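Enquirer: Each protein sequence line maps, in turn, to chains U and W.
Sequential numbering from 1 applies to the first sequence in the UniProt record's numbering.
Sequential numbering from 1 applies to the second sequence in the UniProt record's numbering.
These are computed hints drawn from the structure, not numbers from a lab.
Note that the structure is predicted; figures quoted are calculated from it, not measured.
Any given hint could turn out to be false.
Unchecked claim - Dumping the calculated BS3-like pairs for lysine-lysine here, alpha-carbon to alpha-carbon at most 25 Å:
#1 W:K193 / W:K15
#2 W:K59 / W:K15
#3 U:K175 / W:K59
#4 U:K175 / U:K226
#5 U:K206 / W:K193
#6 U:K175 / U:K29
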Amino acid sequence: MKKSTMTVRPVQDLSGAAAYRPTPPPAWKPRTDPAPLLPDSEPHRVLGTDAAARLDAGLMRRLYAELVRGRRYNAQATALTKQGRLAVYPSSTGQEACEVAAALVLEERDWLFPSYRDTLAAVVRGLDPVQALTLLRGDWHTGYDPREHRIAPLCTPLATQLPHAVGLAHAARLKGDDVVALAMVGDGGTSEGDFHEALNFAAVWKAPVVFLVQNNGFAISVPLAKQTAAPSLAHKAVGYGMPGRLVDGNDAAAVHEVLAEAVERARRGGGPTLVEAVTYRIEAHTNADDATRYRGDAEVEAWRAHDPVQLLERELLERGMLDEDGVREAREAAETMAARLRDRMNADPVLDPMDLFAHVYAEKTAQLREQEALLRAELDAEDER
Amino acid sequence: MTTAATTVVDAKPAKPATMAQALGRALRDAMAEDPTVHVMGEDVGALGGVFRVTDGLVKEFGEDRVTDTPLAEAGILGTAVGMAMYGLRPVVEMQFDAFAYPAFEQLISHVARMRNRTRGAMPMPMVIRVPYGGGIGGVEHHSDSSEAYYMATPGLHVVTPATVEDAYGLMRAAIASDDPVVFLEPKRLYWSKAAWSPEAPTAVEPIGRAVVRRSGRSATLITYGPSLPVCMEAAEAAEAEGWDLEVVDLRSLVPFDDETVAASVRRTGRAVVVHESTGFGGPGGEIAARVTERCFHHLEAPVLRVAGFDIPYPPPMLERHHLPGVDRVLDAVARLQWEAGS
Numbered sequence: 001m002k003k004s005t006m007t008v009r010p011v012q013d014l015s016g017a018a019a020y021r022p023t024p025p026p027a028w029k030p031r032t033d034p035a036p037l038l039p040d041s042e043p044h045r046v047l048g049t050d051a052a053a054r055l056d057a058g059l060m061r062r063l064y065a066e067l068v069r070g071r072r073y074n075a076q077a078t079a080l081t082k083q084g085r086l087a088v089y090p091s092s093t094g095q096e097a098c099e100v101a102a103a104l105v106l107e108e109r110d111w112l113f114p115s116y117r118d119t120l121a122a123v124v125r126g127l128d129p130v131q132a133l134t135l136l137r138g139d140w141h142t143g144y145d146p147r148e149h150r151i152a153p154l155c156t157p158l159a160t161q162l163p164h165a166v167g168l169a170h171a172a173r174l175k176g177d178d179v180v181a182l183a184m185v186g187d188g189g190t191s192e193g194d195f196h197e198a199l200n201f202a203a204v205w206k207a208p209v210v211f212l213v214q215n216n217g218f219a220i221s222v223p224l225a226k227q228t229a230a231p232s233l234a235h236k237a238v239g240y241g242m243p244g245r246l247v248d249g250n251d252a253a254a255v256h257e258v259l260a261e262a263v264e265r266a267r268r269g270g271g272p273t274l275v276e277a278v279t280y281r282i283e284a285h286t287n288a289d290d291a292t293r294y295r296g297d298a299e300v301e302a303w304r305a306h307d308p309v310q311l312l313e314r315e316l317l318e319r320g321m322l323d324e325d326g327v328r329e330a331r332e333a334a335e336t337m338a339a340r341l342r343d344r345m346n347a348d349p350v351l352d353p354m355d356l357f358a359h360v361y362a363e364k365t366a367q368l369r370e371q372e373a374l375l376r377a378e379l380d381a382e383d384e385r
Numbered sequence: 001m002t003t004a005a006t007t008v009v010d011a012k013p014a015k016p017a018t019m020a021q022a023l024g025r026a027l028r029d030a031m032a033e034d035p036t037v038h039v040m041g042e043d044v045g046a047l048g049g050v051f052r053v054t055d056g057l058v059k060e061f062g063e064d065r066v067t068d069t070p071l072a073e074a075g076i077l078g079t080a081v082g083m084a085m086y087g088l089r090p091v092v093e094m095q096f097d098a099f100a101y102p103a104f105e106q107l108i109s110h111v112a113r114m115r116n117r118t119r120g121a122m123p124m125p126m127v128i129r130v131p132y133g134g135g136i137g138g139v140e141h142h143s144d145s146s147e148a149y150y151m152a153t154p155g156l157h158v159v160t161p162a163t164v165e166d167a168y169g170l171m172r173a174a175i176a177s178d179d180p181v182v183f184l185e186p187k188r189l190y191w192s193k194a195a196w197s198p199e200a201p202t203a204v205e206p207i208g209r210a211v212v213r214r215s216g217r218s219a220t221l222i223t224y225g226p227s228l229p230v231c232m233e234a235a236e237a238a239e240a241e242g243w244d245l246e247v248v249d250l251r252s253l254v255p256f257d258d259e260t261v262a263a264s265v266r267r268t269g270r271a272v273v274v275h276e277s278t279g280f281g282g283p284g285g286e287i288a289a290r291v292t293e294r295c296f297h298h299l300e301a302p303v304l305r306v307a308g309f310d311i312p313y314p315p316p317m318l319e320r321h322h323l324p325g326v327d328r329v330l331d332a333v334a335r336l337q338w339e340a341g342s
């Protein structure tokens, strides 16, 4: 091999020059002070603390009545799966405080963006319980008009409804309407890319949105420890430049208070908030899931002892904001609701197969018209048989 | 029978305009007419888009209506869904074909089916602009022809202009549509020019009509977007060989204009589908099947496809071998002299 004749020269000849001084980087400072954005170290609680003395009795009785009704609704819907009237039901038993507070904290002009587990929030907001179950019964995918109650379709893909909430809130603000969007997501949903993009857009646009994460411990079977390494899900807010709030998700008074503050802040132009409600899913993921494979009875029992309905009931009874008559009334109203739901769900839905082609486009394409004619001919032939 | 898209009324020759300018003008005119039209995407504001399609819009309409978004395609399309839910008409830009893939879940799971899942209560009027296709020397992820993915999703319209006039007319129609439209912009035609004046009326036709760009008797070339100029050139060249080729520009892939296409093939008896997208699983297979189903007894030869190879889009220094050019189209035309058993 021939030896190289090339001489190696230093990049810069520093001999004789002044000592080398690196150029300092341009001045940097954090864009915002992270301290006010950080959540408290403990979830916010009201029930069982001195703060409970300040409770608004009217609001608490309303929350209580809806919690009782919601518990019964979950039980009835689960029973309907066993009777084959619902294809599937993801119960929110144990999480009713989050569901009810989310629905009641909003004004009529506001929008709710529920996930598939948030049927109860939609019902509390005013959606017909049977319409709310259409998706899960299987007669149509959403079935209700989202504009009627300002409830977006129950969202099955995880976290994809969060950017919708941001876009809607942003659009409302552009139009000069003081509308707030409240978007609900589970702990598992916080791992999805759409969660990140929604929070980032919301913070950059200062969109009037409240993100409510119901951390119920498990994404189907995967516990939170395998979902995130963050100190808490509320801590994620800081990275986006929005406040993170941590709340006891079984304390209806606390959830309502924290959400009300966040909604108020959004409405007056203060931008989005991320609220993590620490709660627990008492039932399995759905009726099709076996929760005994991934968690023990002791854990479930500990959470049963911290039941949202019981917590509020005891507090209100002790403070004289509720009496035995009030409890009985709430339970009777819940039974009436359940009986009516049962009756209505036991009636077979009337379906028109031609609807399959009705809503794909504003105007049917020639191809759809051909397929429509085919199905019509098949149905006519069935009728003749 | 369809008509040409342009109505020339100005006696003075119009200045040459590029397709990019015509698209920008369509956005501008739609925004001026309808305050609910919003343009959003990465770099659409001060920069005017990397292809300058949105040039000047932010100056005229402000940042509330021409919004530079964070760099996140799912977020861009997902927030557009919410905006449409509140009554706006977003026009979102995906910057490059392959950059749109993170937004596919929003597109397929929400945009395409929102009308259907809500029994018609919540339409999704929006335009998703996707610069697509090769031929501009782009590096990896900048030259995909992704039309087959969009075509496979019910609820979406898929259109692609091939002329300056159509770029304007189709964009206006897409923005006016009450359904979501995936608007595929052929990148290599952005700078193609035509004597077109934005001041002269340009026909805005309903989406879903193909047009015969060149009449002929011996075979039909069925094409769209970036392959239209290739087919027009091939048709000129084929004249020397005695081939009188008809060229059909689809303009809209969904809905598909079976009528115009079938009428042409029945006249000519032979057809070649030409596109850059892959042949396997590509639009050509669907088009060839539809033509065969409708024109079997008129066909003198099998419907042929001239498509891109079934490979990931090649690096720029090799793309000329991949893209269907005039010679490959002419070879296919020669093969149309098909004899049974051959």
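Enquirer: A separate judgement is required for each hint: does it hold in the structure or not?
Expert: Right, here's what the structure says about each hint:
For the hint linking K193 of chain W to K15 of chain W, the alpha-carbon distance of about 9 Å falls within 25 Å, and the restraint holds. The straight-line distance between the Cα atoms of K59 of chain W and K15 of chain W is roughly 24 Å, inside the 25 Å bound, and the hint therefore holds. Annotation: proposed proximity of K175 of chain U to K59 of chain W holds, straight-line Cα distance about 20 Å (limit 25 Å). For the suggested pair K175 of chain U and K226 of chain U, the alpha carbons sit about 42 Å apart, so the restraint of at most 25 Å is broken.
For the hint linking K206 of chain U to K193 of chain W, the alpha-carbon distance of about 42 Å lies beyond 25 Å, and the restraint is violated. Between the alpha carbons of K175 of chain U and K29 of chain U the distance comes to roughly 35 Å, so the proposed pair goes past 25 Å and is violated.
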